[in-house]
Amino acid sequence: MASWKSHTLLDARDIARRFGARWVLRGASITVASGEVVGLLGANGSGKSTLLRVLATLLRPNAGTATIAGYDIMREPDAVRHNIGFLAHTPGLYDDLTARENLVFAAAMLGSPAADIDGALERVALTHVADERVRGFSAGMQRRLAIARLALSRPRVLLLDEPYSNLDTAGTVLMNSLITDTVDAGGAALVVLHELAPSAGVIDRLATVHDGRIASGFDAAEAEPRFALVGAD
Amino acid sequence: MTAVTIPVALPSSRRWPWFGAFAFLFLITSQALAIITSPADRDMGDLQKIMYVHVPSAWITMLSFFVVLVYSVRYLWQRRENDDLLAASAAEVGATFNGLTLVLGMLWGRPTWGVWWTWDARLTSTLVLFLIFVGYLSLRAFIDEPVRRAQWSAAVGILGAINVPIVYLSVRWWRTLHQVQSSPSTVDPLYVLFLRANAFAFLFVMIYFIRQRYEAARIERDAELAAQAVALGGR
Amino acid sequence: MGRSADWGRIRAIAWKDLTAERRSKAGFYSVAALGITILVLFGFALGPDTRALRDAAVGALWLAVFFAGVLTFNRSYQVELDGGALDTLLLYGGGRWTIFTGKLLANLAFVMMMLVIVLIVGAVLFQVQVPAQWPTLLAVLALGVIGLVTLGTFYAAMASRSRAREVLLPLLLFPMMVPVLLAAIQASKALFGADLMQESGAWMRLLVAYDLVFLIITHLAFEYVIEV
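Chains as they are written, first to last, in our numbering: chain E, 1377 to 1609; chain V, 1117 to 1351; chain D, 4 to 231.
Simulated from the structure, these hints should not be mistaken for laboratory data. Glycine residues also receive a C-beta, built at the ideal position from the N, C-alpha and C atoms. Hints are not guaranteed to be accurate.
[Stated by the list, open to error] Chain E residues, not near chain V, derived (Cβ > 10 Å throughout):
| hint | residue |
| --- | --- |
| 1 | A1392 |
| 2 | A1445 |
| 3 | E1452 |
| 4 | R1511 |
| 5 | A1515 |
| 6 | R1530 |
| 7 | G1547 |
| 8 | D1557 |
| 9 | A1591 |
[Unchecked claim] Computed, partial: chain E to chain V, Cβ under 7 Å:
| hint | residue |
| --- | --- |
| 10 | G1403 |
| 11 | R1436 |
| 12 | Y1447 |
| 13 | R1451 |
Model the full structure from these sequences, guided by the hints.
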């Protein structure tokens, strides 16, 4: 996939964002090329999630610019939304709908009502509870369902906020296969992490967010010693 | 923690203070002339002179709703922050004149009708408009994020302003379909003249007030933006 | 994409909201119970005199629907806020107005059902006779509910995401509803009488104009209030 490496899918420059009087982002810049998976590390409150939400067009930056798949997040948000797959802390499901109904709803909203819902449920191993309400699901099962919903839209750029939280080993494998499938198809992923272990073998490059800025970037292969430090945080 | 002084460029217009002085001089002169020269009303006596303030104030209330509408639409269209601040300033000034209209109406109503409040068509619709203004200003007070505040209040401002004629019409129907409105007494030409002069005086005062409130809002926003520059490390 | 995709989204949102409401039965019944409670309280406030009660019945009915409606509108967005579903909803792309239309339709169905319950209970409590012109009365009620739900769904999009949603929604909504309240009450009153003056026609025209104006403007303005 060498030809994909050449072009940038995500390019954020000097993104700044505040909440009230507090500046959460103070000029964060990061680029992700196609075929690349970048992990974001950083202490609580360092601005990782805010950066992801800005890139997902859910928050307007107070300053800075960014493009995703060549589209400007401020001027062409709708085109950006068609190209991204965003997974937040919260799964974004409807508690009173069943697993299947949640996916049917998502497919209708994506404009592809003929999507293969049964196949999507099977891939995340939720077929046996397909017609139960999400309210009774464990946090890990809700995550799996959110992964299935994410896969329905076939995104080019994944923006994932701590995607491994609450997932068991099999769920982690599911998550990683979604990431590698996306990247192999020429996509890219920006993944907020609070521990490195689950993403081992998937992440190409790491960056740390400190005090609202991207402090450093390094290859995942050489990250082991530093990762121990971050993990101790 | 040391205090950081952030220099803010004050709006440098020299003409506005003169405009303000002119507006108030005009207001005082036309009021004084109106009160001194107009004859006492046959039925109401000197009480009728409250109309020189009440009626222009009501007109200005209506006008400021229109100003809010214009700036709100322009904000959503061009997304310039100044338009949002001007809409907010117009709403504040409008609410003030609206309150003044209500109080003066009640002061007039007490000796005339013997009660502080009556569900008169115009008085009632003025009260409803006041409540719509209050809603607009409370919404602004409850939101901190500038873009969100601007967009939401523009939407609320537009809906509120469009509702003004509908409210007025519905309240008038509500009253007149059941009882006949009192007909106005004979009108002195001098009364009409001073009413118009006062309307212009109020208009100038309104423009001056909106400008003043706008400058204050602009200074606040500039201070915020300067603080932003500092927080971002001079970026 | 295009028109059929938009219609698909509208239907999906309306279906989703109604299904969720139907499943959490507590929602509908507690809101309807609140409407009935307000009616009973009006009965106490206006005293046991049957004639006075009958005169005030229409106003009391409308106010009960108003207050119960406010809860409905905020709840309609609470569903989106609970699990962070609003973010997902906004990321589906397409016209924002489809979200508004979908929620509007669901709320309309919800408030109409509530109105029927409140109406039946109110007619019994306040000893109201069904008037001869009941089809016209139904039209008046429907027009009034459309106005209420249009503005309620629109303002709740803001109020439910602000710091003071319990206060803010009625504060914004109720003054705006004065024409609807007056028109609906006056037209209903006229119809309960013989409507010799043909008043109801004028009020209905006002309601139609109000509904059309605000249906159009809220649809145009919705993207500005939902996306930030």
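**Request:** Identify every previously stated hint that the structure contradicts and give their numbers, smallest first.
**Result:** Numbers 1, 12, 13, in rising order.
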